[in-house]
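Novice: Single-letter residue listing:
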Amino acid sequence: MRYIPHTEADVTRMLDAIGVASVEALFEGVPTKLRMRAPLSLPPALSEQELLAEFSSLAERNAHTGTHDWFLGAGTYAHFAPSAVDALVSRSEFTTSYTPYQPEISQGTLQAIFEWQTMIAGLTGLEVANASLYDGASAAAEGALMAMRTTRRSRVVLSAGLHPHYRQVVRTYLAGLGAEIVEARRAPDGRTAPLAPLVDAGTACVVMQQPAFLGCVEDVGAAADAARAHDARLVVVVAEALSLALLRSPGDCGADIACGEAQSFGVPMGLGGPHLGFLATRQRFVRQLPGRLAGQTVDAEGRRGFVLTLSTREQHIRRERATSNICTNQGLCLLMATVYLALLGPEGLRRLARLNLSKAEYAKARVRATPGLSLPLAAPTFNEFVVGVPDSAEAGLARARERRILGGLDLAAFAPELGPAVLVCTTELASRAAIDRLVAALAGRPA
Amino acid sequence: MSTADRRDRVGNATRGFAYEEPLLFERSRPGREGFSLPASDVPDVEPSEHLPPEALRDAIPGLPELSEVDVVRHFTRLSTWNAAVDLGLYPLGSCTMKYNPKVNEKIARLPGFANAHPLQPIPLLQGFLELCFELERQLAEITGMDRVTLQPAAGAQGELAGVMMIRAYHAHRGERRTRVLVPDSAHGTNPASAARNGYEVVSIPSGEDGLLHPEPVAAAMSEDVAALMITNPSTLGLFEEHIARIAEIVHAKGGLVYGDGANLNALLGIARPGDLGIDVMHLNLHKTFSTPHGGGGPGAGPVGVKQLLAPYLPTPVVRRREASEGGGFALDEDLPHSIGRLHANTGNAGMLVRALAYLRSLGPDGLRRCAEMAVLNANYLLARLRGVYALPYDRRVMHECVLSDRNLADTGVTTLDVAKRLIDYGYHPPTVYFPLIVHGAIMIEPTESESLEGLDRFAEAMLAIASEAREDPDLVRSAPHHTRLARLDETRAARQPVLRWQPPE
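Line by line, the protein sequences give chains A and B.
Here the first sequence is numbered in numbering that gives the first Met the number 0, starting from 0 and rising by one per residue.
Here the second sequence is numbered in numbering that gives the first Met the number 0, starting from 0 and rising by one per residue.
One thing to keep in mind: the hints can contain errors.
Claimed, not checked - EDC-like, lysine to aspartate or glutamate: derived pairs with alpha carbons at most 16 Å apart:
hint: 1; chain 1: B; residue 1: Lys-105; chain 2: A; residue 2: Glu-59
hint: 2; chain 1: B; residue 1: Lys-252; chain 2: B; residue 2: Glu-214
hint: 3; chain 1: B; residue 1: Lys-101; chain 2: A; residue 2: Glu-49
hint: 4; chain 1: A; residue 1: Lys-363; chain 2: B; residue 2: Glu-48
hint: 5; chain 1: B; residue 1: Lys-252; chain 2: B; residue 2: Glu-174
hint: 6; chain 1: B; residue 1: Lys-305; chain 2: B; residue 2: Asp-274
hint: 7; chain 1: B; residue 1: Lys-105; chain 2: A; residue 2: Asp-85
hint: 8; chain 1: B; residue 1: Lys-252; chain 2: B; residue 2: Asp-274
hint: 9; chain 1: B; residue 1: Lys-105; chain 2: A; residue 2: Glu-49
hint: 10; chain 1: A; residue 1: Lys-32; chain 2: B; residue 2: Glu-240
hint: 11; chain 1: B; residue 1: Lys-305; chain 2: B; residue 2: Glu-324
hint: 12; chain 1: B; residue 1: Lys-305; chain 2: B; residue 2: Glu-140
hint: 13; chain 1: B; residue 1: Lys-101; chain 2: A; residue 2: Glu-59
hint: 14; chain 1: A; residue 1: Lys-363; chain 2: A; residue 2: Glu-416
hint: 15; chain 1: A; residue 1: Lys-363; chain 2: B; residue 2: Asp-43
hint: 16; chain 1: B; residue 1: Lys-101; chain 2: A; residue 2: Glu-47
hint: 17; chain 1: B; residue 1: Lys-305; chain 2: B; residue 2: Glu-174
hint: 18; chain 1: B; residue 1: Lys-252; chain 2: B; residue 2: Asp-223
hint: 19; chain 1: B; residue 1: Lys-101; chain 2: A; residue 2: Asp-435
hint: 20; chain 1: A; residue 1: Lys-32; chain 2: B; residue 2: Asp-274
hint: 21; chain 1: B; residue 1: Lys-105; chain 2: A; residue 2: Asp-435
The hints are simulated quantities; they were obtained by calculation from the structure and are not laboratory data.
What you are looking at is a predicted structure, and each value in this text was computed from that prediction instead of being measured.
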């Protein structure tokens, strides 16, 4: 076995040193009647060459951005990542280390976390960010839980535009804790209907996704007013992190907590994971944050360094009274995003966001000009929007697939009240020619 | 060797060629960029013409301006400040820092895995669904469980899912149980996961031999107890030999037994938790199944369950379709008693790909060999260190051994000092001060990846440090001496938290 170095001579020497006669004897602590009598029923080992062939053939049975023009977003976004991102995160000093419990030999990881926290604080317009969470969905749930802890209230109001999967995860996370979950209605223009009637003195928070699942840019300021009227928290969830480059920051809109999914920042779509949850808040709630935090300090000779800090919030110290049970999070994905954001900088990120918006506005103009297609929601959008189609979304998307286009998400299961409709996302990867072909396919016109 | 010599050169670490590197923000120069965009093939739009002015932002604070060269040098230098498995032994107990095969990284980057989308139509997702189905089957076989969900993104999220399923199971039977039993040697995640589900946690003391005994479990067990959470082998590296009897006691009162699979590496092909009375357990793919730890994730924490918990699995679940349905694989959302969804998608797919690649590389014989060599390595280290370091529970260990600093008490040198001095010898320290029931615990898990000569060098470093503690305790107490930074002030970091960079006033 190429991953195990022991020769038979080594094993013999080691057994002698231990003072046992056989490897079998090392397992004397396992009662005989509890031991397996037969070998595991698993396929035999493959050589590296065979392994690559087998997994290549599995991978080839999935569509990907190299096989189709791509318009599918809905929480997982196809963006271009500079080559330096993968090259740097592939350094095995990053990939094969663990949680930086020993700061003197983990300064690389710790400084990167500190840089990430600084970037997320800036992007969200808040003061402190943690060292990542599993994904946008669990980040939304952790945001709601944090609001419940800081208000000691248990009613949670969800905006109409919260990603349906995030909504499900929030329900799963809150199920055992006696929370009441209230779902807001969607107004005809696609934004969330006024929230004030749903917020009361028992409300812990309003959770609002920006932009909404269907792409609409919400009025976050109004949500902040509704929350503030009853001293509830506003939790802003961002599923398409690139929107932060153009849209007013959650903190500036009055959010107490901003959380969401930063996969767009250089993390591959990767079949939905690993992605990169983030969470930021105001300084006064810092001791209620879930997950790891890196902080600045000095060493014994007064030089700057970084450590994991405020760990009395965490499970390994506080056990059943911890702010969460989180241990491992998404360290390497955090590093991808930190490298990505360092390469783009504020101007690059803004130009990229503007390019995404331009592609979407071009596509929307084509849709408007195409008989049979419609834009059923009037609210402004960023890089994702709903297209009403003439026959059925399934048929339109099938026509697109025949032309090697993944045309977006069929909304039949997510928003049936819109009639036949597709959620279309245009990132920088969407060429004008591909947009034109998608529009034609959805409208049922010849290729 | 003189003190001065020892400060300079011991073991396999020497004074290195180390770079200083500021924060990204301190390197930033206005106008630099490290990114190129293609020329737009659509009309450029002015955001304020399409979005309401109150929805737009001004500056983006907190991002640096750097060239690609700046960024590459920055992170390359940072990387050189990390210890890593690829640099050497990383014996962090309970974390199973085994070698992470390179081929798995290559496989995870194949475009059909890396550049595919979780919501693409099922017919265009068949390679991934088949992979999930096969991984579930193999993990079920290894653990002796009936069904597996791959959705949890980490071991702790797996625990959360497992306890949720336990709660759903009792609720479905019309029972409101309020307590969960957790041995005092457990990982902190166990009580935290129980509390996150609204349960009261009852701590069960370990016996004088370090094992969990049936009597205290029987005494605490009632019809109010939803479950016992148990780690086997325990965090002391001991096989819980009373496990079958303990499970009977819990089951007799209608409770369930949760297995923390952090230490499964010791049992591969040797014994199966499902055969020991465990009803539900999580696995850490980043421990036992070699996916990289990534400086703190991403991991993956699949959960295996016995049939009685299958109705409560998180959705969606992967299902093999009958030939009459057209064959292939589907994702089912329709599970009426499910605890619901736990992840935005179907889990950390990239980690699932790597784990199955690992299983296919090892096969049944290779897996068993992992357990055997991991246990051999831990027992060999114990044999080399016994006597010099105190051994709180003198029993045959499995994949890790727990020592303590008790024999050094008269020198003033503590476990923390030994850990920091090990860094000077070129080793990442073991897990320290855990489990909590051992004062000054030093928890060493070498894994099967380490060779005899590598273990000998580590043992010699440990022994040398014990001698140094007697001859020159200050040398040990002020370690590390070879690192770029000396010991860091963690108290200050917590008392005056500085959690982001801010421009100088």
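Novice: Evaluate each hint against the coordinates.
Specialist: Outcome of the hint check:
With a CA separation close to 15 Å, the supplied pair Lys-105/B and Glu-59/A stays within the 16 Å bound. Between Lys-252/B and Glu-214/B the CA atoms are separated by roughly 14 Å; this keeps the pair inside 16 Å, and the hint holds. At most 16 Å may separate the alpha-carbon atoms for a hinted pair to count; Lys-101/B and Glu-49/A meet this at roughly 15 Å. Of the supplied pair hints, the one linking Lys-363/A and Glu-48/B holds, its CA atoms being roughly 14 Å apart against a limit of 16 Å.
Our distance criterion of 16 Å between C-alpha atoms is met by Lys-252/B and Glu-174/B, whose separation comes to about 12 Å. Taking the CA atoms of Lys-305/B and Asp-274/B, the gap is about 10 Å. The hint holds against a cut of 16 Å. This hinted pair checks out: Lys-105/B and Asp-85/A have alpha carbons roughly 12 Å apart, not beyond 16 Å. Taken as a hint, the Lys-252/B and Asp-274/B pair is broken in the structure, with Cα atoms around 19 Å apart against an allowance of 16 Å.
Of the supplied pair hints, the one linking Lys-105/B and Glu-49/A holds, its CA atoms being roughly 14 Å apart against a limit of 16 Å. Distance check on the hinted pair: Lys-32/A and Glu-240/B sit about 11 Å apart at the alpha-carbon level, within 16 Å; holds. Proposed proximity of Lys-305/B and Glu-324/B is contradicted: the alpha carbons are some 27 Å apart, above 16 Å. Restraint check for Lys-305/B and Glu-140/B: the C-alpha separation of about 12 Å stays at or below 16 Å, so the hint holds.
Proximity of Lys-101/B to Glu-59/A is assessed by CA-CA distance (about 20 Å); at most 16 Å being required, the pair is judged violated. For the hint linking Lys-363/A to Glu-416/A, the alpha-carbon distance of about 21 Å lies beyond 16 Å, and the restraint is violated. Between the alpha carbons of Lys-363/A and Asp-43/B the distance comes to roughly 14 Å, so the proposed pair stays at or under 16 Å and holds. Restraint check: the Cα-Cα separation between Lys-101/B and Glu-47/A comes to about 10 Å, which is no more than 16 Å; the hinted pair holds.
At most 16 Å may separate the alpha-carbon atoms for a hinted pair to count; Lys-305/B and Glu-174/B exceed this at roughly 19 Å. Note on Lys-252/B and Asp-223/B: the hinted pairing holds, with a Cα-Cα distance of about 9 Å set against a maximum of 16 Å. This hinted pair does not check out: Lys-101/B and Asp-435/A have alpha carbons roughly 42 Å apart, beyond 16 Å. With a C-alpha separation of about 10 Å, the suggested pair Lys-32/A and Asp-274/B falls inside the 16 Å cut-off, and the hint holds.
Proximity of Lys-105/B to Asp-435/A is assessed by CA-CA distance (about 35 Å); at most 16 Å being required, the pair is judged violated.
Comparing the model with each earlier hint shows violations of hints 8, 11, 13, 14, 17, 19, 21; every other hint is respected.
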